[in-house]
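Colleague: Below, each chain spelled out in residue letters.
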Amino acid sequence: MASKVIQALYNDDDILMSAVKRVRDAHHHIDEVYTPFPVHGLDKAMGLAPTRLAICSFLYGCVGLAVAIAMMNFIMIEDWPQNIGGKPSFSFIENSPAFIPIMFEMTVFFAAHLMVITFYMRSKLWPFKEAENPDIRTTDDHFLMEIVLNNNEEELTKLLVDTGAVEVKVSEKH
Amino acid sequence: MYTFSNRLRITSFILMIVGVLGIGYGFLSAPSTIEEAKAIVASTQAHHAGGHEQAHDSAAHHENTTAQTDAHADDHAAHDAHTLSKLQNRPWSAFLIAAFFFFMLSVGALVFYAVQHVAQAGWSPVLFRIMEGVTAYLVPGAIILYVFYVLTAGFHMNHMYIWMDSDIMAADKILQLKSGYLNIPFFLIRSLLFLGGWCFYRYYVVKQSRLQDEAEDYTPYKKIFKSSVFFLLFFFVTESVMAWDWFMGLEPHWYSTLFAWYIFASMFVSGVTVIAMVLVYLKSKGLVDFVNDSHLHDLGKYIFGLSIFWSYLWFGQFMLIWYANIPEESAYFMTRVEHYGIVFFGMLVLNFVFPFLMLMNTDFKRRGWFIIMTGVVVLIGHYMDVFQWVMPSTVGELWSFGIPEISSVLFFLGLFIFVTFNAIAKMPSLLEKRNPLIEESKHFHY
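Protein chains in written order, with our numbering: chain U, 1 to 174; chain Y, 1 to 446.
Simulated from the structure, these hints should not be mistaken for laboratory data. Do not rely on the hints blindly, as some may be mistaken.
[Unchecked claim] The list that follows gives simulated cross-link-like pairs (lysine-lysine, DSS-like), each with its CA atoms no further than 27 angstroms apart:
| hint | chain 1 | residue 1 | chain 2 | residue 2 |
| --- | --- | --- | --- | --- |
| 1 | Y | LYS38 | Y | LYS285 |
| 2 | Y | LYS38 | Y | LYS223 |
| 3 | U | LYS124 | U | LYS158 |
| 4 | Y | LYS442 | U | LYS44 |
| 5 | Y | LYS301 | U | LYS44 |
| 6 | U | LYS21 | Y | LYS223 |
Since we're looking at a predicted model, the values are computed, not measured.
Put together the whole structure using the sequences plus the hints.
Modeller: Here's what the structure looks like:
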């Protein structure tokens with residue numbers, strides 16, 4: 001039964017924003033909104049929870065820093081403390097200025113790449129993934145709001161047409 | 001419209017009076033003869049007997065070797081005279097550090113102000129009056145510094161800049177090669193030129209900004225824009241000269257290409273920090289309701305980013321010299337690491353690690369008390385930075401942090417508070433009326 005959705009197409013992001021607010025005020029659950037570009041403030045209007053990607057990134061950075069320190073401490077200080085050009089390799093701290101460029105780069109590398117991979121995994125993006133696009137126009141110049149139907153097709157259609165939708169249609173949920 | 005609160009005015013006067021008394025005490029307690037200098041060194045060494053064992057050992061070793069030569073009596077006399085001049089430098093250095101520290105707050109704010117105008121930033125015009133208030137200290141600060149340099153260079157009242165001593169110059173071939181640049185008349189002319197140029201820009205833009213309030217068109221605004229462009233060009237040339245003259249000149253056998261930008265980074269980050277702190281204070285009084293937490297957030301981002309920028313330059317300079325370890329270059333850091341370890345590395349914690357961790361979170365940057373707390377730490381850190389530009393070169397290992405240093409800070413803190421809030425109180429309004437970007441700025445939201 002919950003396999004049917006109603007889709008409303010808009011051709012302006014301002015109209016979309018006010019439509020999102022009206023639909024939320026009428027206590028309908030918006031399943032998804034498809035837009036060709038980021039609409040500023042849409043996440044707040046939809047009531048989406050803030051992303052925690054930045055926190056992940058910070059933690060990945062800490063991992064990168066730890067990896068860099070452990071690696072160089074083992075290689076340069078513990079395993080083979082050679083005298084290379086008079087650099088003091090008696091302890092990590094004594095030679096640390098030479099390690100800082102690598103520590104910095106490793107921190108940035110881990111923070112950036114692992115965060116991007118996290119993003120791909122969380123948003124289910126990968127090569128050869130089948131595109132989940134309900135209407136091809138949403139990648140060009142149309143905005144689409146999708147609401148799950150609960151035997152209230154008529155009421156929802158009326159509301160969505162009222163909000164300025166240029167097209168309202170019912171389709172199978174995929 | 002801000003009225004200078006009586007409590008703040010009285011606080012600033014008390015700070016100034018206590019500061020003047022302490023500065024006077026500092027100058028009076030500085031030794032005037034070699035015997036007094038020896039007594040001071042002996043008493044401090046007895047005080048820190050535990051921590052200075054190594055120093056004692058090397059001193060004893062030094063005496064053993066010199067005792068074998070005939071010239072050891074001459075060496076001792078030269079050493080004593082050196083000790084005396086270092087101790088005599090201490091109250092002067094303490095004065096210069098605090099005088100420059102508070103001066104650089106207003107210079108940093110002035111550069112930030114000019115950058116905002118040139119970039120035509122849409123978020124910051126609501127803060128322009130606060131920035132103008134903070135830069136009000138520029139003129140008194142510049143006058144005090146110039147008087148200090150006239151007394152130093154013109155009247156030889158201290159031994160901070162060894163190249164100003166004609167006896168040393170006569171015996172030093174390296175300094176003689178630099179005498180085309182390092183000579184007293186040229187030094188004083190240069191200082192006058194850049195201090196005058198900065199003060200003139202400040203006077204000119206504040207005047208135009210008042211005219212813009214009453215104007216029918218945007219002529220004053222365009223004049224501010226143009227003068228800010230030329231000020232920034234002028235500033236970045238003269239700021240380099242200032243850094244070479246005032247701080248690299250303390251160590252005339254040493255040079256570093258990065259030095260001027262490193263000093264600028266310190267000035268810029270502390271200037272922005274003070275703007276943010278004055279903003280939080282005025283907002284807590286309910287006087288700047290047109291400023292929202294997004295503005296504060298942006299200032300917080302600047303403090304965060306510029307703190308990292310400062311650390312980058314600090315490390316860039318330190319690491320290059322440490323890595324190659326060319327004796328004539330690393331001598332500068334030898335003094336600082338050996339005798340100023342706590343200042344030299346402690347400031348990294350205050351200027352880099354603390355703001356980095358505190359201001360990383362978006363929500364924290366929007367809280368006034370968080371900005372104040374981080375700001376205080378950052379300012380203490382940058383005071384330590386100025387401290388280690390000056391002290392190791394002038395007082396060396398005989399430094400301590402006591403009455404001369406603290407009272408100089410108190411005096412200039414009082415003066416800074418008085419001048420800044422007096423200037424803000426005299427402003428016709430805390431919001432520019434006809435700045436073309438003011439509406440956008442009032443509705444700025446991040």
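Colleague: All hints are to be evaluated individually against the structure, with a verdict given for each.
Modeller: The hints, checked one at a time:
The hinted pair formed by LYS38 of chain Y and LYS285 of chain Y fails the criterion: a straight-line CA distance of about 53 angstroms is larger than 27 angstroms. The hinted pair formed by LYS38 of chain Y and LYS223 of chain Y fails the criterion: a straight-line CA distance of about 59 angstroms is larger than 27 angstroms. Simply put, LYS124 of chain U and LYS158 of chain U have alpha-carbon atoms about 34 angstroms apart, too far for the 27 angstroms limit, and the pair is violated. Under the criterion of a C-alpha separation no larger than 27 angstroms, the hint pairing LYS442 of chain Y with LYS44 of chain U is consistent with the structure, at around 22 angstroms.
A threshold of 27 angstroms between alpha carbons decides the hint, and for LYS301 of chain Y with LYS44 of chain U the separation of about 23 angstroms falls inside it, so the pair holds. Only pairs whose Cα atoms come within 27 angstroms are accepted, and LYS21 of chain U paired with LYS223 of chain Y is rejected, the gap being roughly 45 angstroms.
Checked against the numbered hints listed earlier, the structure breaks hints 1, 2, 3, 6; every other hint is satisfied.
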